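In order, the protein sequences belong to chains S and F. Following this note's numbering, the numbering of the first sequence begins with 1 at its first residue and continues without gaps. Following this note's numbering, the numbering of the second sequence begins with 120 at its first residue and continues without gaps.
Source of the hints: derived by calculation from the structure; they are not laboratory data. Misleading hints may appear alongside valid ones.
One-sided excerpt, in silico: chain S residues whose CB lies under 8 Å from chain F [unchecked claim]:
id, residue
1, 31
2, 33
3, 34
4, 51
5, 52
6, 53
7, 60
8, 61
9, 82
Note that the structure is a prediction, hence the values are computed from the model and not measured. Just so you know, even glycine gets a beta-carbon here, dropped at the ideal spot from N, CA and C.
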Amino acid sequence: MSSMGKKVERVELLQGTLDMLILRTLLFGPFHGHQIGKHIQRTTDDLLQVQHGSLYPALHRLERKGWVASKWEAAPDRNREFKYYRLTAAGRKRLLKEESKWKQMARAVAQIMWPAEEG
Amino acid sequence: MGWWRRKQCEEDLDRELRSDLELEAAEREESGLLPEEARYAAKRALGNAGLLKEEVREMWGWAWLDRFRQDVAYAARAFARTPGFTTVVILTLALGIGATTAMFSVVDAVLLHPLPFRNPDRLVVIWETLVRSPNDPPFFDTYHDFEVWKSGSQSFERLTPATWKTDSQILTGAGPARDVFAMPVGIDFFPMLGVAPELGRTFKPDDLHEGCTVILKHSFWIEMLGGQKNVIGRHIELNENACTVVGVMPPGFAFYPDAAAMWMLITPDSAIARDPNAKVGVFALLKPGVSVERAQKEVEALYRNAPRNDPFGAQVKPAIYPLAQQFAYLTGPTLRLSVMVLFGAVSLVLLIGCLNIANLLLGKSVARQKELAVRAALGSGRARLARQLLTEALLLSATGAALGVLLAMGAVHYFQTLNPIEMPPSNPVTVNLPVLCFTASLAVVTALLFGLIPALKASRVDLMDALRVSAQVASVSLAARTLRRALVIAEVALSLALLAGAGLLIESVGRLASVPLGFRTDRVITMSITLPRWAYSTDNQRARFYRAALDRIALHPDVVSAAFASFVPPHGRLGGHALAVDGWPEPSPTTAAFDVGQVSISPGYFRVMGVPLELGRMFEDSDGEKSRAVAIVNEALARKYFPRENPVGKRIKVGRPWADRRWLTIVGVVANEKDQDFFHQMSWEETPAVFRPVNQDPPSRVSLVFRTVTDSTSPASMIQKQIATLDNNVPTGDVQTMNERLSRTLAYPHLRAIVLATFAGLALVLAAIGLYAVLSQLIAQRTQEFGVRMALGAETSDLLKLVIREGMVLTLAGVAAGLIIAVSLTGLLSSLLYGVKPTDPSTLGGVSLLLVLVTLLATYIPALRASRVDPMVALRYE
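Extracted from the complex, chain S is given alone in its bound form (with noise of 0.2 Å):
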């Protein structure tokens, strides 16, 4: 039971953190899910490879609490529909508490682990 336990709480941290990510990635407007992948991949300089396996699990979970929502359309330049996720209104919010809450995360542990370098 308790190596269960340990097992979600430690997929939930990623997911927070792709969901941030992800919710961040649509505030330039709609995207399908390979744009955001790729986005995400190419702005980090390849640092953040995002599987396919933890991305359209992301996508529909977001979609289910609300936060994304989801439309099949053409794509502009080509002549064929893709599945386009949009940032809702809720979304927005949950973004907003997201960052503030990594921005938390990452100073308090920027002052753990460089002390001297603050101030």
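Here the structure of chain S is known, so what remains is to put chain F in place on it, guided by the hints.
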């Protein structure tokens, strides 16, 4: 969310992933890969598509449904592999749940379901009770009481008299004259119940000045008047009065007593309203928010302060009861208790069934340990394994419940067609929606009951152990074995408790039925005869009719002897009258016992009934209207009122008030006939009785009692015709043999005993199966050991003894525990018993013996198998 929605989501996801794959491949191609290579690279980047989809589905929140479906499919396959086991379990559950459902439908109708009136929870009835013994059966109020309460009380929205203590009405002009029960009710009766008529209207104030008005019961309207729509406004002849039909009630409408064919409005001119002492029940609708206690206080105060000239009134106080409870009580005073006892019993049977299945599943899970271990090794979590086992349990219980509902419907249908006992009016016993909900929850509860223990055990399976050891010798932990033994002991104990209850009830019925009643019961037939009041208003007219009728009946070749009596045992002659003896001080209303019954008989009555004369003489034809008023008393009266004297020649008066009664001279003493009081069904009474010659005290309603050559009612129709030729306005009916009358008396005790015995039998079989299963498994596990023992020289009989000892230890432990349970529970039955104590040692001993014998049989078969173990085979087992 529906299945189509789900399907759409799946297609959507496929499409989304496909398009991603294509884009990825296109990008790779652009970066210089061959199309083929690009597609493979894209697929690799996507990873395990199945797993990915699985995880996405998880996000949709339907995963549990999938797993449940898998579990169900897996369980179904497992059951198909063990059809014998599955059949036993499902049959056990079907019987247990079916019996419990059927019993619950009775509980629902009698105890739970609100009466089908508008405000059932506010409907009450006001009776009167004796101040000195308030727990005795209550009795009617007087019309005067009703008027006092009606004018003085604030607690009630509606208050109405209604009574069944009234003369029957003779319906003429619609076929042969017929005795019908038209229940007199007040004008507020129907508004109080809040039920609209199907045709016409209910009573309105104008009717109070319009003579006789009636509202018909639906069945009477259909059967007697052919269901004609134009019946409203027509007249029917009741006691030669033209009564206007103003309404017909809908089919489901019924009030106590069920025999009422119509309801007749009590008007200021009615005999009831003119007689302040007329016996009525007062029914009422409490105002919203008024408690029974508050209404009780008010009515009591009104009763105390009301002026009354009857000194007996001070002995009495009113008491308010909820109507629903009284409906059941009036129908059968032991009905509520019987229903609760039987429901308790059937719940025990179901519990035993569950213990049994838990036991079988535990046995099976030992055999399944390896399978479960493999699944655990392949990554099934403990929770998943436990859930699998619970799903199996649920599947079993749901199937059992479905079959059980069918069984229950059959049982309820059978009960309704057989109609063995009278049920309260208004709520029929049906397998309705609340009953089905009960059954569904029962299925879940039973699944938890028998599935939880094995599930918990299985989730603690030790992987290494289970995989290493072969299934045959799979180490059955000591704890598991102890648990199974405890389950068997519990089953045996509960079965014994049920057997004890059934034994006591059967014993009671047997004793009740074998009590010598003091009168002949074979080839005796009874029939009611009612003389219309308007044509037979004088004693002389009635006496003359009875004589003429008897003369004609005696001519019938199949009739051996015939007589009239105002009451025929076993019903109706109990007490109610006070006795004054010449030369003794007059009893006062406060001191009189009111324990004497009064019966008018024709001279041949005791001969027909086979009641012997003990002293003096029988009545003769010469005891006529003009001769000396005479009486015969029974032994019970002689013993009580003349303990040291010969009562013959003494003079007595019977009744209340007695001042205006004639002195009667006792001319004979007869042996007692036993009677049964409606409110005390589990007893026989010997009521002190005064018999008077029908010539001197001719009632307007009598029973004809006659003996026939054979025990058939066939001469009855000829006699009915003969009476009709004497006067076709004299209705006859209610033809029964004496044995039928007696079996109706015993209907409740009988049915109770049969039903409880059935339940106990079921429990016994289940306990025997449980014991058999445990012993069989024990032997299977110890085959090797037995082989060794045989090889070392043990005799067959030693092994036989070994197994039987194991079985008997379990049985005796169960019997001991069961006796304790039985003794603590059978006290609940005491009011349903006759002639046995709840702890009757011979009954308890008898059922214990029965149980031991049956379990011995269940032990012997596996024991025999154990003793036939071939040492060579057993040792080669590994």
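Structure-based check of each hint:
Checking residue 31 of chain S against chain F by beta carbon gives a least distance of about 12 Å; that is not within 8 Å, so the hint is violated. Hint status for residue 33 of chain S: holds, given a least beta-carbon distance of 6 Å to chain F, under 8 Å. With 8 Å as the threshold, the beta carbon of residue 34 of chain S comes within range of chain F, its nearest partner Cβ sitting at about 5 Å, so the hint holds. The restraint placing residue 51 of chain S at the interface with chain F holds, with a minimum CB-CB distance near 6 Å, inside the 8 Å limit.
About 5 Å separates the beta-carbon of residue 52 of chain S from the nearest beta-carbon of chain F, less than 8 Å, and the hint is met. Because the smallest distance between the Cβ of residue 53 of chain S and any Cβ of chain F comes to about 5 Å, under 8 Å, the interface hint for this residue holds. Interface hint status for residue 60 of chain S: upheld, as the beta-carbon distance to the closest one in chain F is roughly 4 Å, under 8 Å. Interface restraint check for residue 61 of chain S: the shortest CB-CB distance to chain F comes to about 4 Å, inside 8 Å, so the restraint holds.
A hinted interface residue such as residue 82 of chain S counts as satisfied when its beta carbon comes closer than 8 Å to some beta carbon of chain F; here the least separation is about 6 Å, so the hint holds.
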